[in-house]
Amino acid sequence: MSGTAVLRILSVGPGTTLQDGGRQGYLRYGITAAGPMDRLAHATANGAVGSGPEVTAIEVSLGGIEVTAEGAPLTVAVAGGAFAVSLGGQALVPNVALTLEPGAVLKVRAGAAGAWCYLAVAGDLAVPPVLGSTATHSRSGIGGLDGRALQAGDGLPVRPRPITALPPSRIAAPWLDRDLDRVRILLGPQADYFDAEALAAFLATSWTVSTRNDRMACFLDGPAVRHAKGHDIVSDGIAMGAIQVPGDGRPIVLMADRQPTGGYPKIATVIGPDLGRLAQMRPGSRFRFTAVSLEEAVAARRAEAALPFSAPTLEPVVRTHFTSEFLLSLNLIDGVYGQSCGQY
Amino acid sequence: MTTVDLNADLGEGFGTDRRGGDAAMPDALGAAGTARAVPEAGQDLDQGLRGTSDLGPTVAERSGPRFLDAGEAALVVEFGQSVDPALNDRVLALDAALRAAPPEGLRECVPTYRSLMIHYDPLRVSRAALVEAVETALEAGRAEARAGTLWTLPCCYEPGFGEDLDEAADRLALAPDALLRQHAGAVYRVYMYGFAPGFAYLGGLPEALAVPRRPAPRPPHPAGAILIGGGLCAVGTFPMPTGWYVVGRTPERLYAPERAEPFLIQAGDSLRFEPVDAAAFRALERRTEGGEVVARREAA
Numbered sequence: 001m002s003g004t005a006v007l008r009i010l011s012v013g014p015g016t017t018l019q020d021g022g023r024q025g026y027l028r029y030g031i032t033a034a035g036p037m038d039r040l041a042h043a044t045a046n047g048a049v050g051s052g053p054e055v056t057a058i059e060v061s062l063g064g065i066e067v068t069a070e071g072a073p074l075t076v077a078v079a080g081g082a083f084a085v086s087l088g089g090q091a092l093v094p095n096v097a098l099t100l101e102p103g104a105v106l107k108v109r110a111g112a113a114g115a116w117c118y119l120a121v122a123g124d125l126a127v128p129p130v131l132g133s134t135a136t137h138s139r140s141g142i143g144g145l146d147g148r149a150l151q152a153g154d155g156l157p158v159r160p161r162p163i164t165a166l167p168p169s170r171i172a173a174p175w176l177d178r179d180l181d182r183v184r185i186l187l188g189p190q191a192d193y194f195d196a197e198a199l200a201a202f203l204a205t206s207w208t209v210s211t212r213n214d215r216m217a218c219f220l221d222g223p224a225v226r227h228a229k230g231h232d233i234v235s236d237g238i239a240m241g242a243i244q245v246p247g248d249g250r251p252i253v254l255m256a257d258r259q260p261t262g263g264y265p266k267i268a269t270v271i272g273p274d275l276g277r278l279a280q281m282r283p284g285s286r287f288r289f290t291a292v293s294l295e296e297a298v299a300a301r302r303a304e305a306a307l308p309f310s311a312p313t314l315e316p317v318v319r320t321h322f323t324s325e326f327l328l329s330l331n332l333i334d335g336v337y338g339q340s341c342g343q344y
Numbered sequence: 001m002t003t004v005d006l007n008a009d010l011g012e013g014f015g016t017d018r019r020g021g022d023a024a025m026p027d028a029l030g031a032a033g034t035a036r037a038v039p040e041a042g043q044d045l046d047q048g049l050r051g052t053s054d055l056g057p058t059v060a061e062r063s064g065p066r067f068l069d070a071g072e073a074a075l076v077v078e079f080g081q082s083v084d085p086a087l088n089d090r091v092l093a094l095d096a097a098l099r100a101a102p103p104e105g106l107r108e109c110v111p112t113y114r115s116l117m118i119h120y121d122p123l124r125v126s127r128a129a130l131v132e133a134v135e136t137a138l139e140a141g142r143a144e145a146r147a148g149t150l151w152t153l154p155c156c157y158e159p160g161f162g163e164d165l166d167e168a169a170d171r172l173a174l175a176p177d178a179l180l181r182q183h184a185g186a187v188y189r190v191y192m193y194g195f196a197p198g199f200a201y202l203g204g205l206p207e208a209l210a211v212p213r214r215p216a217p218r219p220p221h222p223a224g225a226i227l228i229g230g231g232l233c234a235v236g237t238f239p240m241p242t243g244w245y246v247v248g249r250t251p252e253r254l255y256a257p258e259r260a261e262p263f264l265i266q267a268g269d270s271l272r273f274e275p276v277d278a279a280a281f282r283a284l285e286r287r288t289e290g291g292e293v294v295a296r297r298e299a300a
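Those protein sequences? They're chains A and B, same order as listed.
Residue numbering for the first sequence follows UniProt numbering, beginning at 1 and increasing consecutively.
Residue numbering for the second sequence follows UniProt numbering, beginning at 1 and increasing consecutively.
Any given hint might turn out to be false.
To be clear about the criterion: a stretch of chain A counts as covered by chain B if any three or more of its residues have a C-beta under 8 Å from a C-beta of chain B, and this derived list gives those stretches [claimed, not checked]:
1. 178 to 191
2. 255 to 264
3. 293 to 303
Since the hints were made in silico from the structure, they are not lab data.
No experiment lies behind these values; they were computed from the predicted model shown.
Note that beta-carbon positions come from the ideal geometry of N, C-alpha and C, so glycine has one too.
Construct the complete structure from the given sequences, taking the supplied hints into account.
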C-alpha cells in the first residue's frame, strides 16, 4: 500500500469527531483542550494499528458510523465500548482490527454497552492541526474537519502506513472491560464548601447518569448536594473530571470539552484513570463515587500507564481467506489444535 | 424567568450563561440543559462587581497561598478568593516564574483572577516536588512586578456597531456621548481569559457604566463586539447571544488561530479603546482580515 487513500464516511450519527490527544498550552487563552473522552480506549485503537497513543482517530458516538476505503486498502481498528461492529454485513467482535478493502463497508453501531468507541487508521489522517492539535471542539469550531463533527459524505485523506493485510482480528484489551459501578474521586479543590454531612451523603448516593450528557459535561441525577458556604466562587481553573455543584445542588462532572475556568465550587475530581469508565456510562447508568487518597490516585494512574495498550495482542476472529501458507502452517495431521484455533 | 435557549448559534456551551438572570437563574438553567456547565460568565460578572468595591486583599490573602488538589494531575495555587489586582499580580508573577523555568512534569498553567491552576504529570513530578518548585518560584517571582503591555484597540461606537449603546445609556441615565467618553477614557486590566477562545475579562469599567445585566440574553453579537455588563467590560471574540450590552466593535482580532500571533493580549496587560468612525473601521477590518495587527502596543 502506498500513495494516498480516503476514508469515506458513508453515514454517521451526531457527535462523532476527530480527536487526537488534545490541545495543550492554550487553556490560558480560553481554549478548550478537547481530546478523547476515553483516553485509554483511544490509545488502544491507535496501538492496534501501530500508532502512538495520541494520534488522530475518530471518536464514534452512540450514533454510530459507516465507512469505506477509497483508493487503497486501509487497515483500521475499533476499540472502546462494546459496540456492534460488522464488515460487509458480517458481525465481528467489538474491539477489532482489520484491513478494509476499497469498497468494503465497515459499520459500527451502538452495542451492548459503552458510549464511545474509537476508529483508528494505520497511517496519518491528513487534517491540519489548529493550535498544535487536530482535536475537534465543535462549540468553538476548532480542529478536526473544519471544526465540526463528521458528516455523511466526508472524505478523510489518509497517508496509509505500509502494513500487511490484516484479517479481522480481536484486539485483546481486557483493560477496556471496566467495572462500571464505581468511580474513584479525590475530594476537592472546594470540598470545604460542603459540610461533613453533605460530603457523606454525596459519597453514599447511588448517582444516575442523566440524559444530559455530552463531551462537555456529565450531569448526575440524585439528591441535591447542599452547600455550606454558598455556591459562588471567584472563577478558577477546571480540570477534566471536576465535579462542580451549582446552586441547585445537582452535580456536573466536567469532561473533555469543558471550559478552562469556572465559578462553581468543585466538591471533588474524578481521578484520571476513571474518567474513561465514567465517559462510557450511558444515560440511566447508576454508580457510586469512592474517595481515594492522592497516593492511590497516582498508583492507579501508574498501573494504567503500564498496560500494553500501545501494542495490544491481536487474535484472528474470522478467516476471510485462507492462503496455502496459512493452511500448511497448521499442524493438522496430529490433531492437536493450538490455543489460538479456539478463537476461530 | 425567561428560558434560555441553550442551543442557539454556537451551541449550548456558548449559548447560555447566567448573565441574564438573578438568584432564581440556576433553577431556570437546570430546566434548560447544560447551561450549568458554563456558569462562569455570570459568576464573573457578580464577582466583577465585588471586585470594584476596592476592599483589597484580606490579611489571609497577603500570606502564603493555599495548595488545593484538583485531582491527581492538577494543583491549584490559591492566593485569595476575591477579584483584586494585587492578588492577580501575584498569580501572574508565579505564572511568569514557572514559565521561565518550568519544573519537570509541568504541562500547562492557567492563571485566573486569584489562583493559578497547574496541570502536571504526576508520574513525572510528585505533588510534594511540585509544591517545592512553586515555593521556590514564589520566592523568585515575588519581587518581580510584571511590566504588562498597554494596548490601544480601535473601537467604533457608531450606530450599527455600538448596537446597544443608546439602550445602555438609557439604563444608566447617561447621554450616549457621555457613555462613549467614559468608556473610551478608561484603562482596563486584563484579568484572565475564560468562557470562550480569546474572551478576555476586563476590570476597570467606570462605576457610572456598571449597567445591570439584561433580564434575558439578546441575539448574537458579531465577533469583535465590545461588551459591558454587571461591572465588567469584555471583548467578544465569537458571535454569541449575550446578556451584556454591545457598546462598540473593534476591527482587531484578539483571537486569530491562523496568525503567527494567535492571541495578542496577555493576562495582566492593560487595554484602552480609541474611537474610530465607520469608514476607518472598515479600512482597519480589511487589514486585520489579511492577518495584520492594527492594535497599538506600548509598555504600560
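Tested hints:
{"no.": "1", "hint": "178 to 191", "verdict": "holds (count 4)"}
{"no.": "2", "hint": "255 to 264", "verdict": "holds (count 8)"}
{"no.": "3", "hint": "293 to 303", "verdict": "holds (count 5)"}
Going down the numbered hints, you'll see the structure goes against none, and every one checks out.
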